[in-house]
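Colleague: Fit the two chains together into the complex; they arrive one by one in their own frames, and the hints show the way.
These protein sequences, in sequence, are chains A and B. Taken in order, the first sequence gives residues 1 to 710; the numbers are from this note's numbering. Taken in order, the second sequence gives residues 711 to 868; the numbers are from this note's numbering.
Keep in mind the hints are simulated off the structure, nothing from the lab. Computed from a prediction, not measured in an experiment: that's the story for all the values here. Positions of the beta carbon are idealized from the N, C-alpha and C atoms, including for glycine. Take these hints with a grain of salt, some might be off.
[Claimed, not checked] Take a look, some chain A residues computed to stay more than 12 Å from chain B by CB distance:
hint, residue
1, Arg296
2, Leu637
3, Arg649
4, Leu689
[Unchecked claim] Label pairs and their in silico Cβ distance ranges:
hint, chain 1, residue 1, chain 2, residue 2, range
5, B, Gly755, A, His342, 51 to 61 Å
6, A, His342, B, Gly767, 50 to 60 Å
7, B, Gly767, A, Pro411, 40 to 50 Å
8, B, Val766, A, Asn314, 26 to 36 Å
9, A, Trp626, B, Gly767, 31 to 41 Å
10, A, Thr285, B, Gly767, 30 to 40 Å
Here are the chains, one letter per residue:
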Amino acid sequence: VSGRRASSRQPRAHWILLTLGLIILLAELCLNGVIRHVGAEGAGAPVASGGGTAGVPTSVSEGGPVVRIAPDGSATARGLPDGTVALTFDDGPDPVWTPRILDVLARYHAHATFFVIGSQVNEYPDLVRRIVAEGNEVGVHTFTHPDLGGEPSWRRQLELTLTANAIAAATGRTTTLMRPPYASEPDAVRTADYAAMTDAARSGYLIVLADHDTRDWAQPGVSAIESAATPANSAGAVVMMHDGGGDRSQTVDALNRLLPALEHAGYQTETVSQALGLPAMGSATTVTRVRGEALRMAQLLSGFLAQIMIVLLNVAVVLSLVRLAVQLITARIHVRRRRTRHRRRLAYLGPVSVIVPAYNEAANIADTVRSLVRSDYPHVEVIVVDDGSTDDTATIVARLRLPNVQVIRQPNAGKPSALNTGIRAARSDIVILVDGDTVFERDAVGRLIQPFTDPDIGGISGNTKVANRRGLLGRWQHLEYVMGFNLDRRMFEIGECMPTIPGAIGAFRRRALGDVGGVPSTTLAEDTDLTMAVVRSGWRVVYEESAIAWTEAPSTLHQLWRQRYRWCFGTMQAMWKHRAALVDGGASGRLGRRGLLYLTVFQLLLPLAAPAVDIYGLYGLLFLPWLTVLAVWSGFLLLQAMTAAYALRLDGERLGPLWTLPLQQVVYRQLMYLVVIQSMIAALSGIRLRWQRVARIGVAGEALGAGRPV
Amino acid sequence: MRMRPAHPRVLDEDEPTVRVSLDRDPRPAPVNSQHDKPVFLDRSGRRRHGMMFVFVGAGVLAVLLLTTLTLALTGNSPVSLPGFPDATRNAGRPQVAVTPSSSRAAPHGSGVPLSGSSVATPSLSATTPGAGVTPTPSVTHGKKPTDTPSHPQSSRTR
Numbered sequence: 001v002s003g004r005r006a007s008s009r010q011p012r013a014h015w016i017l018l019t020l021g022l023i024i025l026l027a028e029l030c031l032n033g034v035i036r037h038v039g040a041e042g043a044g045a046p047v048a049s050g051g052g053t054a055g056v057p058t059s060v061s062e063g064g065p066v067v068r069i070a071p072d073g074s075a076t077a078r079g080l081p082d083g084t085v086a087l088t089f090d091d092g093p094d095p096v097w098t099p100r101i102l103d104v105l106a107r108y109h110a111h112a113t114f115f116v117i118g119s120q121v122n123e124y125p126d127l128v129r130r131i132v133a134e135g136n137e138v139g140v141h142t143f144t145h146p147d148l149g150g151e152p153s154w155r156r157q158l159e160l161t162l163t164a165n166a167i168a169a170a171t172g173r174t175t176t177l178m179r180p181p182y183a184s185e186p187d188a189v190r191t192a193d194y195a196a197m198t199d200a201a202r203s204g205y206l207i208v209l210a211d212h213d214t215r216d217w218a219q220p221g222v223s224a225i226e227s228a229a230t231p232a233n234s235a236g237a238v239v240m241m242h243d244g245g246g247d248r249s250q251t252v253d254a255l256n257r258l259l260p261a262l263e264h265a266g267y268q269t270e271t272v273s274q275a276l277g278l279p280a281m282g283s284a285t286t287v288t289r290v291r292g293e294a295l296r297m298a299q300l301l302s303g304f305l306a307q308i309m310i311v312l313l314n315v316a317v318v319l320s321l322v323r324l325a326v327q328l329i330t331a332r333i334h335v336r337r338r339r340t341r342h343r344r345r346l347a348y349l350g351p352v353s354v355i356v357p358a359y360n361e362a363a364n365i366a367d368t369v370r371s372l373v374r375s376d377y378p379h380v381e382v383i384v385v386d387d388g389s390t391d392d393t394a395t396i397v398a399r400l401r402l403p404n405v406q407v408i409r410q411p412n413a414g415k416p417s418a419l420n421t422g423i424r425a426a427r428s429d430i431v432i433l434v435d436g437d438t439v440f441e442r443d444a445v446g447r448l449i450q451p452f453t454d455p456d457i458g459g460i461s462g463n464t465k466v467a468n469r470r471g472l473l474g475r476w477q478h479l480e481y482v483m484g485f486n487l488d489r490r491m492f493e494i495g496e497c498m499p500t501i502p503g504a505i506g507a508f509r510r511r512a513l514g515d516v517g518g519v520p521s522t523t524l525a526e527d528t529d530l531t532m533a534v535v536r537s538g539w540r541v542v543y544e545e546s547a548i549a550w551t552e553a554p555s556t557l558h559q560l561w562r563q564r565y566r567w568c569f570g571t572m573q574a575m576w577k578h579r580a581a582l583v584d585g586g587a588s589g590r591l592g593r594r595g596l597l598y599l600t601v602f603q604l605l606l607p608l609a610a611p612a613v614d615i616y617g618l619y620g621l622l623f624l625p626w627l628t629v630l631a632v633w634s635g636f637l638l639l640q641a642m643t644a645a646y647a648l649r650l651d652g653e654r655l656g657p658l659w660t661l662p663l664q665q666v667v668y669r670q671l672m673y674l675v676v677i678q679s680m681i682a683a684l685s686g687i688r689l690r691w692q693r694v695a696r697i698g699v700a701g702e703a704l705g706a707g708r709p710v
Numbered sequence: 711m712r713m714r715p716a717h718p719r720v721l722d723e724d725e726p727t728v729r730v731s732l733d734r735d736p737r738p739a740p741v742n743s744q745h746d747k748p749v750f751l752d753r754s755g756r757r758r759h760g761m762m763f764v765f766v767g768a769g770v771l772a773v774l775l776l777t778t779l780t781l782a783l784t785g786n787s788p789v790s791l792p793g794f795p796d797a798t799r800n801a802g803r804p805q806v807a808v809t810p811s812s813s814r815a816a817p818h819g820s821g822v823p824l825s826g827s828s829v830a831t832p833s834l835s836a837t838t839p840g841a842g843v844t845p846t847p848s849v850t851h852g853k854k855p856t857d858t859p860s861h862p863q864s865s866r867t868r
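Isolated chain B (complex conformation) (with noise of 0.2 Å):
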C-alpha cells in the first residue's frame, strides 16, 4: 500500500517528481541524528564551571565599578576656613565687616572678622544671611548685572 501509482489527477509537469521518489524507498530513514547529543550540551558539567568564573569575575568587576562610582560621588572633605592674617601688608581699601543682620553698620577699622558679632543677632538667623534682614533697597547702587562669560561648554569642542 505503500507502492501506490501516482494519481492519475497528478499535474503533468509533476509526474516525474512524484514518480522518482516512488521509485526510491519514500521512508525517511531512521534518524541519524537519535544518538547524536543535543546542541549546547555540555554533559561534564565544565562549561558550566566556567560560566560561573564568568559570573564571578563580572560580579567583581560590577562591586569595583558601584564602589567606584560610590567612592566618587559621596563623601565631604571639607576644609576648614582659614582666617586673614593681619593686615600688616594691607593698605590697599578700607575693611568692611559687617553681619548680614546689620548690614547697614559702620564700617569695621580693623578687618578682623567680627566673631562676637553673632551676639547682636538672633541666634536662628546667624547662619542664613537675610533670613532675619528686611530688604533694603536704599542699599542698592548701582549694582550691574551679573558679567556672564559666555556658557563654557558650548565653545569647547570635544
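With the rest of the complex left out, here is chain A (with noise of 0.2 Å):
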C-alpha cells in the first residue's frame, strides 16, 4: 500500500515527549497530594502512633525538654537555665500570623524559635528570611506535618531532608534543631514517637520539646494561653506556641502580655540554641541551597499543575453534560420528525444511480454488489469503479453478470477520483456513494432518499452499522457508532450543520455535487470534506437512521489504529479547508459555528487534553478515598450507560453489549485520543499522509444474510 512508504516518516519523538509529561505530571500531583494532605481525614488529631511507652528512657520521659540521642543510642536531655525561656512557634510561616508575632517580639526585643513547616517555607520565603534576620532561629517541624511515629523510615527521613533543604533555599542557613510534629512534654513520648526522634537524631537533629505547651491551637483564651506559658518559681522553661494553622490571634494577644510580664520578672528570653549555648545557625552547602530551590520551583509547579487541572476536569465535565443534554433533546426531536415521516409510504423518486469505489475489495465486492441489485427500489444502477485494484475485484463483479451493473476500470487514482468516474459516468439525478466494503439492507435504498422529496434537501446520511460484533473490539465499535455516530447525526441534522455523510451510505442530488465540483481530493477523509462543501453551499444535509447498510470494522487494534488515524487527520483537513465557515453567514456560518466548532472541541481538544485526565484518575487512585473514586467512577459510567441504553433503542438494538462499556476506558478511549496526537503532530509537521487501507475478510454480507450482526 502507498501508505507504507509514508508511514515511514510519521513522526515519533512525541511519544517520548508526552511519555515525559505525563510521568512529570503524576510526579508533580503526587507531591501536591503529600504537601496537601488530600485525601486525609478532615481535622483532629492524628492515630495515636503506638500506645506503649516501652523502650523510651527515662532520660528522655523524665528529663529536659531537649534531647540529644547518640549514634549508639544513648539519650542526654537538657532543660533551659532557671531565668531563661525559649519562647517555640511551630506549624508555621503563616502570611497572616507570622508577621504579627514577629512584631511583638520585636516590639520587646525577644527572640524566639520558629519550628517552620518546609511546605510552607517554600510558600513563604520571605517571611523565613525575616524571621532570621530579626535574630530569631528556625528548626525543622517536616515538610508536611505528618505524623513521624506512624511513618516509615524512609518517610521521616524524606521529611527532614526536605525541611531543611527548603529552610536553606530561603535563608543560606541550616539547623540542627527539630520538633516532630504533634510533639509536647516530654513525659508523653510514647514508642513509636522515640522511634521518629532516634531517626531525625540520626540525621543530626536535636529534638526539641517543651515544657509548658500551652494548647494555644485550641484558642483556650489569651489569660489561659499566658498563664499556661509562664514558668513557676524562675525556672528555665521551652514554651511551645503555634503561629501557623489557624486563627492565632489568641496567641498575639497572649505574647504582648506575656512578654511585658517575663521581662518584669527578669527572664531572658532567647532562642532554644541561645539558651543551651548551642552554635548558631550554619551556612548551608550551595548543593543544598540548589536542591532547596528545585524544591520550591517543584512545589510551586505543582500547586499550580493540580489548579489546572480541577479547571480543565470541571471544563471537561460541564461540557460533557451540556452535549449530552443536547443530544438528548435533539434526539427526540429527530424522532418526532422521522415518525411523521415514516407513516408516510415510500415515495419513488426516479432513477438512482450508485457508485461503488472500489480497491482490492474482493472479500465484500460480491456481497456489496449484490446487496444492492437485490434492493426493492424500481430503479437501481451500480456502477463499479475499480481503482486499479491488483486482486481480481473487477473480475468477480464482472463475472456476476447482473443487470443493470457496470464495471468501470480505471488506473489507480485514489478514491475521490474513483469516485468522480463513477459520477460522471450516472446516468440518474439521485447518486448513492458505497464503500466497496458496505452491504446494503433490501430496502437502505428506498428508504435513504425519501428525504429528497424536499428539494431544499442535497445530501442524506444513512445508517451505518458495525457488522462484525465479536469480540471486544467489534462490541467496543458497535456501541460508538450508535451511541457516538448516530446520536451525533440527529444533532447535527436538527442543528443544520452535518459535518459528514459517511462513505458507507449517502445520497446526493446530482445538482449539490455539482455546485461543489465533485468529489474533492485534497484530504483523506472525502466523505467529510464533500459534505462540508455541499453544507456550504447551501444545501440542506440530513439524516434518515432507517437506512442501513452493514459494514465491516477493523477488527485489529493495529487496522482501528489505521482507520482512525485517517478519519481523524482528514477530518481535521477538512475542517482547516473549511475554517472560512466560522465567519461565513447563511448555512455554511451554521456549519462553521456549530458543526465545526463541535468538533473543534470534543474530536480535538477534549481528547488531546484526555492523556492528562486519564492521568489525574491514576493520582485519585492513589490519593483519593477508594469510596470517592468509585462513587465518581460510577456516577460516569451510569451516565454513559444510560445514553448508550437510550442509543440502542432508538437504533432497535440490544442492550447485550452494554456490559463492554466499563472496558473501553482502559484501550479504546487512550487509542482514540492517542491518534488524535499522532495526526495533530502529523498536521503540524505537514506530512504526507495517504490512504491507509483496511484489510477486509469480509463478514459484512454474512450479516446481511443472518438478517442479524455477526
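Modeller: This is the structure in C-alpha cells:
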C-alpha cells in the first residue's frame, strides 16, 4: 500500500515527550497531594501512634525538653537554665500570624525559635528570611506535618531532608533543631514517637520538646495561654506556641502580655540555641541550596498544575453534560420528525445511481453489489469503479453478470477520483456513494432517498452499522457507532450543521455534487470534505436512520488505529479547509459555528486533554479515598450507560453489548485520544499521509444474510 | 442516454427540481481541486523542521523539569549532631543520660553523653532503642496522651 512509505516518515519523538510529560505531571500531582494532605481525614488528631511507652528511656520521659540521642542510642536530655525562657512557635510560617508575632517579639527585643513546616517555607520564603534577619532561630517541623511515629523510616528521612533544603534555599542557613509534629512535653513521648526521634537524631538533629505546652491551637483564651506559658519560680522553660495552622489572634494577644511580664520577672527570652549555648545556625552548602530551590520550584509548579487540572476536569465535565443534554433533546426532536415522515408511504423518486469505488475489495465486493441489486427500489443502477485493484475485484463483479451493473476500470488514482469517475458515468439525478465493503439492507436505497422529497435537501446520511460484533473490539465499535455517530448525526441534522455523510452510505443530489465540483481530493476524509462543501453551498443535509448499511469494522487494534488515523487526520484537514465557514453567514456559518466548533471541542481539544485526565485518575486512585473514586467512576459510567442504552433503543438494538462499556475506558479510550495526538503532530509537521487501507475478510454480507449482526 | 426524461412516477413536488437538474449539465465539473495540494502538506519540509525544534525545546524543558524534581526530592544532606556544651549555665534540672538498654539506671550526674555506654549494651541493639529492652510497665508514671494540635492543614485556608 502506498501509505507504507509515508508511514516510515511518521514523527515519533512526540511519544517520548508525551510519556515524559505524563510522568512529570503524575509526579507533580503526587507531590501536591502529599503536601496538601489530599484525602487525609479532615481535622483532628492523628491516629495515636503506638499507645505504649516501652523503650522510651526515663532520661527522656523524665528529662528536660531538649533531647540528644547519640549514634550509639544513648539519650541525654537538657532543660534550660533558670531565668531563661525559650519561646517556640510551630506550624508556620503563616502569612497573617507570623509577621504579627515577629512584630511583638521585636517590640520587646525578644528572640524566639520557629519550628517551620517545609512546604510553608517554600510558599513564604520571605517570612523565613525575616524570622532569621530579626535574630530569631529556625528549626525543622517536617515538610508536610505528618505524625512521624506512624510513618516509615524513609518518609521520616525525606520530611527532614526536604525541610532542611527548603530552609537552606530560603535563608542560606542550616539548623540542627527539630520538633516532631504533634509533640508536647517529654512525658508524653511514646514508643513510636521515640523511634521517630531516634531517626531524626541519626540525621543530626537535636529534638526540642517543651516544658510548657500552651495548647494555644485550641484557642483556650488569652489568659489561659499566658498562664500556661509562664514558668513557675524563675525556672527555665521551653514554651510551645503556634504561629500557623489557624487563627492565632489569641497567641498574639497572649504574647503581648507575656513578654512584658517575663521581662518584669527578670527572665531572658532567648532562642533555644542561645539558651543552651549551642552554636547558631550554620551556613548551607550550595548543593543544599540548589536542591531547596529546585524543591520550591517543583512545589509551586505542582500547585499550579493541580489547579489547572481541577479547572480542566470541571470544564470537561460541564461540556460533556451539556453535550449529553443537547444530544438527548435533539434526538427526541429528530425521532418525532422521522415518525411523521415514516407514516407516509415510500415515494418513488426516479432512477438512482449507486457508485461503488473499489480498491482490492475482493473479499466484500460481491456481497456489496448483490445487496444493491436486490434492493426493493425500482430503478437502481450500480456502477463499480475499480481503482486499479491488484486483486480480481473487477473480474469478480463482471463474473456476477448482474443486470444494471456496470464496471469501470481505471488506473489507481485514489478514492475521490474513482468516485468522480463513477459520478460522471451515472445517469440518474440521485447518486448514492457506497464503500466497497458495505452491504445494504434491501430497503436501504428506498429509505435513504426519501428525504429528497424536500427540494432543499442536497445530501442524506444513512445509518452505518458494525457487522462484525464479535469480541471486545467489535462490540466497542458497535457501541461507538450507535451512541456516538448516530446521536451526533441526529444532533447535526437538527442543528443544520452536518459535517459528515459517511462514505459507507450517503445519497447526494447530482446538482449538489455539481455545485461543489465533485468529490474533492485534497483531504483524506473525502466524505467529510464533500459534505462540508455541500452544506456550505446552501443545501440541507439530513440523517435517515432507517437506511441501514452493514460495514466491516477493523478487527485488530492496528487496523483500527490506521482507520482512525485517516479519519482523524482527514477530518482535521477538512475542518481546516473549510475554516472560513466560521465567519460565513447563512448555512455555511451554521456549519462553521456549530459543526466545526463542536468537532474542535469534542474531537480535538478534549481528546488532546484526555491523557492528562487519565493521569489525574491514576493520581486519584493513589490519593483520594477509594469510596470517592468509586462513586465518581460509577456515576460517570452510569451516565454513559444510560446514554448508550437510549441510543441502542433508538436504533432498535439489543442492550447486550453494554457490559463492554466499562472496559472501553482502558484500551479503546486511549487509542482514540492517542490517534488525535498523532494526527495533530502530523498536521503540524505538514507530512504527507496517504490512504491506509483496512484489510477485509468479508463479513458484512454474512450479517445481512443472517439478518442479524454476527 | 444521459438526458432521459424525468421518470413518470416522480412525485409532483419533486418534478421541477428534477427537470431543472436535467436541463443543466448534470456532470460535475472535472474536480478543480485535483491540482490543489493536500491540506496541511508542506513540501518544503520547513514545518517538519520547525517541529523538530519544538520537540527539542519541549524535550529540554521535560529534562529540566525531571532534573528539578529529582534534585528536589532526592539527596540526603545530613547535619552532624551537635553535642551539648558543658553545662556551666545549666542549673535548672538534673541531667539524665541513660542508654535504652539500661533505662532504669541511675541518673548520670555529669550531663555529658555516655559515649562509652554502648560497651555495656548488646552491640546489635545499641542503635535500636527498645529492641533489647524488656518493656517495663513500672516506668509508666502517669503519662498523658500526646497533645495534638488540630491538624494544621485543616484550618489553613488556601
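Colleague: Next, verify each hint and record whether it holds.
Modeller: Evaluated hints:
1. Listed as outside the interface, Arg296 of chain A is inconsistent with that label: its C-beta sits roughly 8 Å from the nearest C-beta of chain B, within the 12 Å cut-off.
2. For Leu637 of chain A, the shortest C-beta to C-beta distance to chain B comes to about 32 Å, beyond the 12 Å cut-off, and the non-interface label holds.
3. No Cβ of chain B approaches the Cβ of Arg649 of chain A within 12 Å, the least distance being about 32 Å, so the stated non-interface status holds.
4. At the 12 Å boundary, the C-beta of Leu689 of chain A falls inside the reach of chain B, the nearest C-beta of that chain being 8 Å off.
5. For Gly755 of chain B and His342 of chain A, the Cβ-Cβ distance of about 54 Å falls inside the hinted range of 51 to 61 Å, so the restraint holds.
6. About 58 Å separates the C-beta atoms of His342 of chain A and Gly767 of chain B, a value consistent with the hinted range of 50 to 60 Å.
7. Taken as a hint, the range 40 to 50 Å holds for the pair Gly767 of chain B and Pro411 of chain A, whose Cβ atoms sit roughly 45 Å apart.
8. Hint check: Val766 of chain B to Asn314 of chain A, Cβ distance near 34 Å, so the stated range 26 to 36 Å holds.
9. Against the hinted window of 31 to 41 Å, the Cβ-Cβ separation of Trp626 of chain A and Gly767 of chain B comes to about 40 Å, which satisfies the hint.
10. Between Thr285 of chain A and Gly767 of chain B the CB atoms are about 32 Å apart, so this pair conforms to the stated range of 30 to 40 Å.
This entry does not satisfy hints 1, 4, going by the numbered hints stated previously.
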